[in-house]
Amino acid sequence: MLRITVDPEKCCGAGTCVLIAPEVFDQTDDEGLAFVVCGEPGPEQADSVYEAALACPRGAITVTEQD
Amino acid sequence: MTKDAVSLEFPLTARTCPFDPPGRYAELRATAPVSRVALPSGQTAWLLTRHADVRAVLDDPRFSSDMSRPGFPHLYPKPVEPVLKGTFIRMDGEEHAHYRRMLTGLFSVKRIEAMRPFVEQVVEDCLDRMAAHGAPADIVRELAYPVPSRVICGLLGVPHEDHATFGGYLNTLFDGSSDQEQFAAAKAGLSTYLDALISEKEKAPEDDLISVLVEQQYKPGRLSRQELVTISWMLLAAGHETTAHMIGLGALTLMENPDQLAEATRGPAAMADAVEELLRHQTVMQLGMTRVAVADAEIGGTLIRAGEGVIALLSLANRDPDVFPDPDTVDVTRGARHHVAFGFGPHQCLGHSLARLELAVVFDRLFRRFPGIRPTVPVADIRFRYDAIVYGVAELPVEW
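As you go down the protein sequences, you meet chains A and B in turn. Take 1 as the starting number for the first sequence in this note's numbering and just add one per residue. Take 1 as the starting number for the second sequence in this note's numbering and just add one per residue.
Since the hints were made in silico from the structure, they are not lab data. Where hints are given, some of them may not hold.
[Unchecked claim] Counterexamples of contact, computed for chain B against chain A with all Cβ distances above 10 Å:
id: 1; residue: V6
id: 2; residue: D59
id: 3; residue: E95
id: 4; residue: H160
id: 5; residue: Q180
id: 6; residue: D195
id: 7; residue: D207
id: 8; residue: S224
id: 9; residue: A262
id: 10; residue: G301
id: 11; residue: P321
id: 12; residue: H338
id: 13; residue: G345
id: 14; residue: I373
[Claimed, not checked] Lysine-lysine pairs mimicking DSS-like chemistry, simulated, CA-CA at most 30 Å apart:
id: 15; chain 1: A; residue 1: K10; chain 2: B; residue 2: K85
id: 16; chain 1: B; residue 1: K201; chain 2: B; residue 2: K219
id: 17; chain 1: A; residue 1: K10; chain 2: B; residue 2: K110
id: 18; chain 1: B; residue 1: K203; chain 2: B; residue 2: K85
id: 19; chain 1: B; residue 1: K110; chain 2: B; residue 2: K201
id: 20; chain 1: B; residue 1: K187; chain 2: B; residue 2: K78
[Said to hold, decoys possible] Among chain B residues calculated to face chain A with C-beta under 7 Å, some are:
id: 21; residue: G105
id: 22; residue: S108
id: 23; residue: V109
id: 24; residue: Q216
id: 25; residue: F344
Beta carbons: idealized from backbone N, C-alpha and C, even for Gly.
Next up, chain B with everything else stripped away, as it sits in the complex:
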């Protein structure tokens, strides 16, 4: 096989064990950790599966997040649109930092920690409803979806009563099978909704993040209306799906490993460690991250040329045996926080502290409230989201 020959088709979706990434990836990491893969779009890209290589690319300015650049690896063929101003997740360098700096202070560890009582209240409300519903109940529906949604709405100042409006748009955005037209319509609908909400905040600012951005950035002219709307919908969307599926998968992982659950529920420090281990072991961003090289760069001994696409596979980096001994075993006492579940480099998830807080509160309260909680069906009968952008359980029926 020549160095540039295609090793496999990406993405793989078939898993031997639903808690482990597709096995062929791990074989690849052992034999050809930087290898060419073919995408459904017809493009090829370099697939990176080692922790060191994934981190190197994600913190290297020679690799761009701009999807509109030629050569950027797209999973599916679709027309390439220019990056809308404010879409900082698709920008590089100083342009990206310009927007990100407006937000990092608002997501600081102290500010997020101050939200703990609110997060606890949201979780308790959901658990009350789950108790009232009675067993069997679906954890995905009762807890995994509503908690992150209510929390991000509370942070941003988006009335959760409007979920009927914006929830449908978000579903379309996260549904891999949405076509270009549906996608555009959902984006437009979400923008119209948020634009109206921003008008309300302009007149009557409150204590929420969108109000702060209106006052600090929009009114002084540092953000245009369109930029503020774009940033708002990115934050709203980003706060939903990933945390939701980490809640579902994490709860299932703990229920399936009673010794680990016992260890995790010993106290706040043990739970914080458990959350890190679940993030490492169950990295739900199963397809990313994608970048395109803007200059020649040697990664893991392989020359990646300008214009070539790269897929840095977070879930595989987090199972790298050179970094995490016995990586496939869930060990909530591992204490390793240098996993890449939230990505790496300047684009690392802005809301990681919030996600970590939500996960710790959810698992703590769930197992305290329902100590004997367990799935009503064997793992083999649980429906997993093998094909989704964000991996997870589609449903998790439990009894207690």
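For reference, chain A alone in the conformation it holds in the complex:
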């Protein structure tokens, strides 16, 4: 299972993660900061979650695999 966190100190509100994995990430209305809406997504979303982490312009997303 994947565990996902967004570092709010690093997030710059670009929304790249929301574009790539809209089922997993969303943005606040005021400053567009990213948050996780689905903290433990299934394996079918793994590729897009890793791509979102890789594409984040601040490297604010951490993905860890848990049993």
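Using the hints, position chain B against chain A.
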């Protein structure tokens, strides 16, 4: 060659293939990915060509975007002006974040997605005019320029009928050959125009982004008048040229690669992937980004000292074979979104979602409306913008 010897003169403009960056850059990436280059201004700078190094510098607080700092790499010699308040693209750290935070929510993915019907309408209007004009038509003139212009005007609440006024100023700002006086006059003209527009929004706010900034930031005193004017003209300018040339080059790339076009037009998900691949392959920001080190920093094994300039070459990072296998091939099914076409780090393009939306709608509608569309001339006869700040096609005559 000593480590600090100049490897080449930047920028290179001669391309062997108009769809690939100048070949010498790729040789440099293979042999000396962090190397000294000489600029026309007489300065030298470090040229970065690897994806990892480009991303490292653009997200490192030891590298500044402030053009007024000593050592900042300028392409051409020009007097250095202090950075005007509100010019957040030229600010760093908390100062930059202060302005950027006022805007990120207004450019969120959901807000931009809500503009889809408007973008579709703009594109359909342009295609109607192109059809009425009849073949041959110039895609740059009929589609690439008007779509981003109308869309950013709609978002900001700038009446597009005023294009005759502000369009000339924008052209001067984007024309690399404008001298300092012309540049200053264009900035002043644009500021005067937007200042008057802001006065109207103050009296009668509407549903647009400038009105929102007037209500949320200017009236409560969080933004001064000058800051609001500056932010408005930056947004207006930024929404124009880059997307326009990505439309022209992207359309040409798809027309020249029919198998890729067929794949791209299979559906919305395929088109979204195709847009990412076109952005990666045809990175129009061919000269940037530029930064100056404010502290010593080791990048890609090379020590860059405080006060030295850096050019992070986005177009080369996006062709890095260590990150994108077979990087020179257009493969719209690649599915890679960690390219740096919009930059990287806290300064990454604020309007990237809007640009992505515009590109997807334009390519979808263009090839649906004119399935047999093709250039009227061979690629060898198409005029490319080799010397421009933003690469692209100057004209793209098509028939259908």
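Taking the closest pair, is the beta carbon of B:G345 still more than 10 Å from chain A? With a cut-off of 10 Å, B:G345 comes too close to chain A, as the shortest Cβ separation is near 6 Å.
Would you settle whether the hint for B:Q216 is holds or violated, based on the nearest Cβ-Cβ distance to chain A being less than 7 Å? 10 Å, violated
B:K203 paired with B:K85 [C-alpha distance capped at 30 Å]: 25 Å, holds
Does the claim that B:Q180 lies outside the interface with chain A hold up, using a Cβ gap greater than 10 Å? Check passes; 32 Å lies beyond 10 Å.
Any Cβ of chain A at or closer than 10 Å to B:H160, or is the non-interface label fine? 26 Å, holds
Is B:K187 close enough to B:K78, meaning Cα to Cα at most 30 Å? 16 Å, holds
A cut-off of 10 Å on Cβ-Cβ distance, and B:A262 was said to be off the interface with chain A. Does that hold? 24 Å, holds
Just checking, B:S224 versus chain A, shortest CB gap more than 10 Å? 21 Å, holds
Against chain A, does B:E95 keep a CB gap of more than 10 Å to every residue? 14 Å, holds
Just checking, B:P321 versus chain A, shortest CB gap more than 10 Å? Non-interface label on B:P321 holds, nearest chain A Cβ at 17 Å vs cutoff 10 Å.
Far enough from chain A: is every CB of that chain over 10 Å from the CB of B:I373? 28 Å, holds
Holds or violated: A:K10 to B:K110, with C-alpha atoms at most 30 Å apart: 21 Å, holds
Taken one by one, the earlier hints fail for this structure at numbers 2, 12, 13 and 24, listed in ascending order.
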